[in-house]
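Peer 1: The sequence shown lines up with residues 713 to 920 when you count with our numbering.
Since the hints were made in silico from the structure, they are not lab data. Hints are supplied without guarantee of correctness; some may be wrong.
What the hints assert, rightly or not - Calculated lysine-lysine pairs in the DSS-like style (CA-CA distance at most 27 Å, straight line):
id: 1; residue 1: K770; residue 2: K740
id: 2; residue 1: K722; residue 2: K757
id: 3; residue 1: K724; residue 2: K810
id: 4; residue 1: K757; residue 2: K810
id: 5; residue 1: K794; residue 2: K724
id: 6; residue 1: K722; residue 2: K770
What the hints assert, rightly or not - With beta-carbon atoms standing in for the labels, derived distance ranges:
id: 7; residue 1: Q788; residue 2: V751; range: 19 to 25 Å
id: 8; residue 1: G749; residue 2: E887; range: 41 to 47 Å
id: 9; residue 1: N768; residue 2: S796; range: 19 to 25 Å
id: 10; residue 1: N914; residue 2: G827; range: 28 to 34 Å
id: 11; residue 1: N903; residue 2: N876; range: 17 to 23 Å
All C-beta atoms in this analysis are idealised placements derived from N, C-alpha and C, irrespective of residue type, glycine included.
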Amino acid sequence: MFGNIESILKQKAPLILEAFQGAAEESKIEQLESLVGTVLPNGLKQMYRSRNGFDNEKVANLFYGFPFLDIDVIIQAQEKLKSSNNLEPLRYADHEIKSDYTFGLKRIAIGDDSGTSLLCVDLDPSDTGSYGQIILVDYDMGVALRLNSSVEELLQQFEADLSNDKYSLQEDALEDGVHWLKPSKEIDPVNWFNSPRWQYVNTALKNS
Numbered sequence: 713m714f715g716n717i718e719s720i721l722k723q724k725a726p727l728i729l730e731a732f733q734g735a736a737e738e739s740k741i742e743q744l745e746s747l748v749g750t751v752l753p754n755g756l757k758q759m760y761r762s763r764n765g766f767d768n769e770k771v772a773n774l775f776y777g778f779p780f781l782d783i784d785v786i787i788q789a790q791e792k793l794k795s796s797n798n799l800e801p802l803r804y805a806d807h808e809i810k811s812d813y814t815f816g817l818k819r820i821a822i823g824d825d826s827g828t829s830l831l832c833v834d835l836d837p838s839d840t841g842s843y844g845q846i847i848l849v850d851y852d853m854g855v856a857l858r859l860n861s862s863v864e865e866l867l868q869q870f871e872a873d874l875s876n877d878k879y880s881l882q883e884d885a886l887e888d889g890v891h892w893l894k895p896s897k898e899i900d901p902v903n904w905f906n907s908p909r910w911q912y913v914n915t916a917l918k919n920s
């Protein structure tokens, strides 16, 4: 699943390739599926059968500027969620996303900016959403945005954006010998409040 992406990264950000891990163990994928309590989308399973996220010791990022989480990290987060009962509602959610809670077992984080936001595979969409859709959850601001309909679309979109130079290398990271992808404003959901693409969210929050 990552063949073309890795070829492009080799040209544009070769140090990121060093962060990729090999395939996740099938037992780990089964453990995650058991924790979630429902069948995982095939695209998600195939992605982790191809690459088990990034080595935690490496400094690198990928989709929408998020680090790509190792399946063990995902399982640990899911186990914590299972033992907690946080039903904090969202202040705003795109109509494809349920707004009555922020964190949940069926919102599987595959990316974490270690600050305010998670990139999640959503297994509990609203009636107008799609099972396995990709969403951003800004838990600091209580905002959730639908980004892609599936893991497959996420990978296709990332490959296209990377090819079309919608990602650049962050200069201060380069000075430290790190290839850190900086998404352009139109594909930077972490900073949705500064992006023309998501100004409708600011409007909705002001009117709420």
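Peer 1: Now look at each hint and say whether the structure bears it out.
Peer 2: Quick rundown of the hints versus the structure:
no., hint, in the structure
1, K770 - K740, "holds (21 Å)"
2, K722 - K757, "holds (25 Å)"
3, K724 - K810, "violated (37 Å)"
4, K757 - K810, "holds (23 Å)"
5, K794 - K724, "violated (40 Å)"
6, K722 - K770, "holds (16 Å)"
7, Q788 - V751: 19 to 25 Å, "holds (21 Å)"
8, G749 - E887: 41 to 47 Å, "holds (46 Å)"
9, N768 - S796: 19 to 25 Å, "holds (23 Å)"
10, N914 - G827: 28 to 34 Å, "violated (19 Å)"
11, N903 - N876: 17 to 23 Å, "holds (19 Å)"
In this structure, the earlier hints numbered 3, 5 and 10 are contradicted, and the remaining ones agree with it.
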